[in-house]
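Engineer: Taking the numbering used here, I'd label the letters of the first sequence as residues 3 to 426.
Just so you know, the hints here were simulated from the structure itself, not pulled from any lab data. Quantities reported herein were computed from a predicted structural model and do not represent experimental measurements. Any given hint could be a false lead.
Pairs of lysine-lysine residues, derived as DSBU-like cross-links and limited to a Cα-Cα distance of at most 35 Å, are as follows [said to hold, decoys possible]:
(1) Lys17 - Lys139
(2) Lys147 - Lys309
(3) Lys375 - Lys17
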Amino acid sequence: MIDIRLFRENPAFLKEACRLKRVNVDVDAAVKLDEQRRDIIQEEENLQAERNRVSKEIGAKKKAGEDAAEVMEQMRKVGDRVKELSQQRGEIEQRLHDIALSIPNHPGPGEPEGAGEEQNVEVAQWGKKPAFDFEPKPHWELCEKLGMVDWKGGPKLAGSGFVLYKGTGARLERALINYFLDTHITENGYTEFFPPYLSNRDCMTGTGQLPKMAEDMYHCEKDDLFLIPTAEVPVTNIHRDEILDDSQLPLYYTAYTACFRREAGAAGKDTRGMIRVHQFNKVEMVKIVKPETSYAELESLRGNAEKLLQNLGLHYRVLQLCSGDISFAAAKCYDLEVWAPGCDKYLEVSSCSNFVDFQARRANIRYKDKETKKTVFAHTLNGSGLALPRAMIAVIENNQQPDGTIRIPKVLQRYMGGMEVIGA
RNA sequence: GGAGCGUUGUCCGAGCGGUUGAAGGAGCUGGUUUUGAAAACCAGUGUGGGGCAACCCACCGGGGGUUCGAAUCCCUCACGCUCCGCCA
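Work the whole structure out from these sequences, hints included.
Structural biologist: So, in structure tokens, the structure goes:
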């Protein structure tokens, strides 16, 4: 959430954020509401102060055995008026809050401006597209032939957009998850968590999925719980409503979870294979850091994700997202896209974002700064490291051989019981 | 699902309906003492909001109510603990 003080201090900044993120919000209406709110507060608090003062006098009078009926009647009227004002204020604050929640985070200075993905800027590349002396096949054919996925099973069990991995397919998925997690906890200094897959409304609002993304999430009405669309939600919310000690920061957390997305607006896109599905696996990295370090932390976070692709020997490119393509809550974002020769396109396997204080403000994650002795909002970041099944697709399609077998990258072999080739 | 108990500041923990923003600890910060450290002693130390300011207001799990006045009484919801039932 944006700082509501900005409604009176710098509404232009908020309008700019909306314009850059291509979001339409009536900032001027909020500015007016904010003024009304302050007027009411003034009157309300004056009356409360009066009531507090007189009430003490009533106490004193009664103790002295004097009659206080008249002033008590007066104060009853004051109380009624306060109640009235407080109700008015409540309504205004609700509307103000709704508007505040719908204002996106301002992209940091120097972010490329643009309307959509066409304006994203490629900032790095690693490796190159592998050369095949045969026509590389798409993963759905390879998986079918090797019995790695039961393509009928997912739809039969849950519906289209669900995948039933099988045999070496299931094991390869698990190998990638373990490889990613182990790397983060042994080499990159992250602490592993294994959170619930359902989160409550407070968590969803804290990280910014609600109210905007409600349509994209699976919701259990009876319990008012949401299936998490990413581990970012539970992991970032671990410290919701807490004041951390300065010495605890930075916090590096990682978690594997399944992720659930209704993909409400994506009908017809990537329907073939398992590029876009309703349930997928992902290892996520989350950082909670001091403000002055967050942009540097974003670079190292991105480095952690990139290293995984490098060790798998997969060619990828890094995009810096333009203002219109950065997510609602983020200030700066890199996407890592891995090359998939069978699909003949780049696939997004990681999105690394700096949210600065936007999520922290919503989720109320603060820390006590030792130097200034102030309680301030922390900065939060997160990034995939990495998202399945796209990483799996890349491994399969890049390592295929003319006979349809698949070489297993060196770093994964120990997780596959020493297996070197699938289908040999 | 039923019954009982509980939820107070960074943490632990008191709290009769009126001067309690909240006793007492712990922690933290500063000071005295010490060759230095520890200990001891003294002082300070919550969050949010309104106002140029003096200052004022709100906050004792969330929401509502009673009252001139609520951390304290009532209702309700959430969470936690204990016991019972049910299931694994």
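Engineer: What's the verdict on Lys147 and Lys309, does the C-alpha distance respect the 35 Å limit or exceed it?
Structural biologist: 31 Å, holds
Engineer: For a C-alpha distance cap of 35 Å, please report whether Lys375 and Lys17 respect it.
Structural biologist: Holds, because 33 Å separates the two Cα atoms, which is no more than 35 Å.
Engineer: Mind checking the alpha carbons of Lys17 and Lys139 for me, to see if they're no more than 35 Å apart?
Structural biologist: 48 Å, violated
Checked against the numbered hints above, the structure violates only hint 1.
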